[in-house]
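Asker: Taken in sequence, the protein lines are chains V and C.
Numbers 1 to 249, taken from the working numbering, label the letters of the first sequence in order.
Numbers 250 to 434, taken from the working numbering, label the letters of the second sequence in order.
What the hints contain is simulated information worked out from the structure, not anything from laboratory work.
Check each hint, because a few of them may be wrong.
[To be verified] Below, a sample of chain C positions facing chain V; criterion: calculated Cβ distance under 8 Å:
{"#": "1", "residue": "342"}
{"#": "2", "residue": "345"}
{"#": "3", "residue": "347"}
{"#": "4", "residue": "350"}
{"#": "5", "residue": "357"}
{"#": "6", "residue": "359"}
{"#": "7", "residue": "375"}
All C-beta atoms in this analysis are idealised placements derived from N, C-alpha and C, irrespective of residue type, glycine included.
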Amino acid sequence: MLDQTPLQIALPRQWSDVTVEQFIEVAKIDKTLGAWYYNSEVLYILTGEDIDDMDIDECTQIVSKFKWALSQPSTKYKHELLGMQIKPLAKLCLFEYIDLDYYFTENYVYNIDKICAILFRKSKLNEWDEVVLEPYEYDINTRAELFLDLPITDVYGLINEFLKFRDNFLKVYANLFGEQDDELSDEEKAKLTPEEKAEEEDEKKNSKWSWERMIYGLTNNDITKSEAVGALPLTYVFNMLGMKKELDI
Amino acid sequence: MITILGREIPNRLDELTIEQFENITELSNNKEIDPIDRHLQIFASLGIPEKEFFDYDVADFIELVKEFNSSPKIEYPTIETLEVEGYNYTAKMKLTVRDTKLIEKIAINKPKGYVSEIAAIMFKRDDLTPTEHYADAHIKYKANLFKKLKANIAIPYLMFIATKINHQVDAGSDTPTDSPAEAVE
């Protein structure tokens, strides 16, 4: 439902009037350029109106109608969208988790459309009348575009759902992930001995290629088996890694 | 004007140029220099070399500073039209969103010549289009021209802007967060 202001600008009245695409664009606005830059960009994204020549008193009236935007979108999300259903996080396969982890680490708001593209899947009934989800073989970017016009409230809660899942997952398999060291400051780096510097470089390389190294190890250095390993259930893979580590095999 | 060491020194807004006012403001805001040194530098920027005060009694110097800073509070009338180098400029006590965005950018970066830049945004040359007026190069060029004008031209607009922006600050600074929801049902 849009609100028609006295200035004849149709304004969204709640988060459900804001699309995923608009939400991403708003999140990308550079807030360091000032509150008025931010306000005018938000209004342009949400209404399509260029308000640069508007008097700031009039603009303030409009901005005051956006108080609802100070709270977060609904914490709920839909389990079925666009004829697709959400894949339970506990059933994620290794490649799905790796991609989700990448998009979350990069920026989960900017990538929320791609996160939806990974989690929402087409389904069918198999010969045993059980629901089978499509394999993870489609183009994420094309699928992500389908979500851009949906209300942000349909999907926003997924962010927290995955963060909770990932947090729990990292705790359960903490012995496999090891401890994450904080990035050293320039001052701390300057104090390192040549040996410590080399060690830090090695750690950086290992961290950069951690998933690839893990897959390389799981395929016994045969990269032609990567797809097969990537399609294995995440928890199964990590249980096997845990077993290998504990038994030192 | 006040007389210091036989020289006429401007100390009122209708005597100081915008450039002098900017220098004084910058020095006054510099808390890393002590008050005596600060005022020595202020007087130097107005044309009295520091060395001329070397033999000056500190108590007398403090009196001079008091006199310099005690210019009468005057309500300067708002000047809405100017003629500079053959062109007419007009300003209004009105801020558009575009004006405010530019002024805010200046306020964030706080360049040395911020008063002249703000005056350059407020005063629009009558024969130019808005696109030409808001061009970065034009604003910079105009700011340079306006530096030589008296500060009382710019100050009423600075006060107006400060009042407006302070009034709007609540609405403007409350930007939505993009952190995730806390609970999912």
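Asker: Given residue 350(C) was flagged as interface, is its beta-carbon under 8 Å from a beta-carbon of chain V?
Answerer: holds (5 Å)
Asker: Just to be careful: measuring from the Cβ of residue 347(C) to every Cβ in chain V, is the smallest value less than 8 Å?
Answerer: holds (4 Å)
Asker: Min Cβ distance, residue 342(C) to chain V: is it shorter than 8 Å?
Answerer: Interface hint status for residue 342(C): violated (11 Å vs cutoff 8 Å).
Asker: Holds or violated: is the Cβ of residue 345(C) closer than 8 Å to a Cβ in chain V?
Answerer: holds (5 Å)
Asker: Does residue 359(C) pass the interface hint, meaning its C-beta sits closer than 8 Å to a C-beta of chain V?
Answerer: Interface hint status for residue 359(C): violated (12 Å vs cutoff 8 Å).
Asker: Close enough to count: is the Cβ of residue 375(C) nearer than 8 Å to one in chain V?
Answerer: violated (17 Å)
Asker: Taking the closest Cβ pair, is residue 357(C) under 8 Å from chain V?
Answerer: The hint holds - residue 357(C) has a Cβ within 8 Å of chain V, the shortest such distance being about 6 Å.
In the structure shown, a violation is registered for the earlier hints numbered 1, 6, 7, in ascending order.
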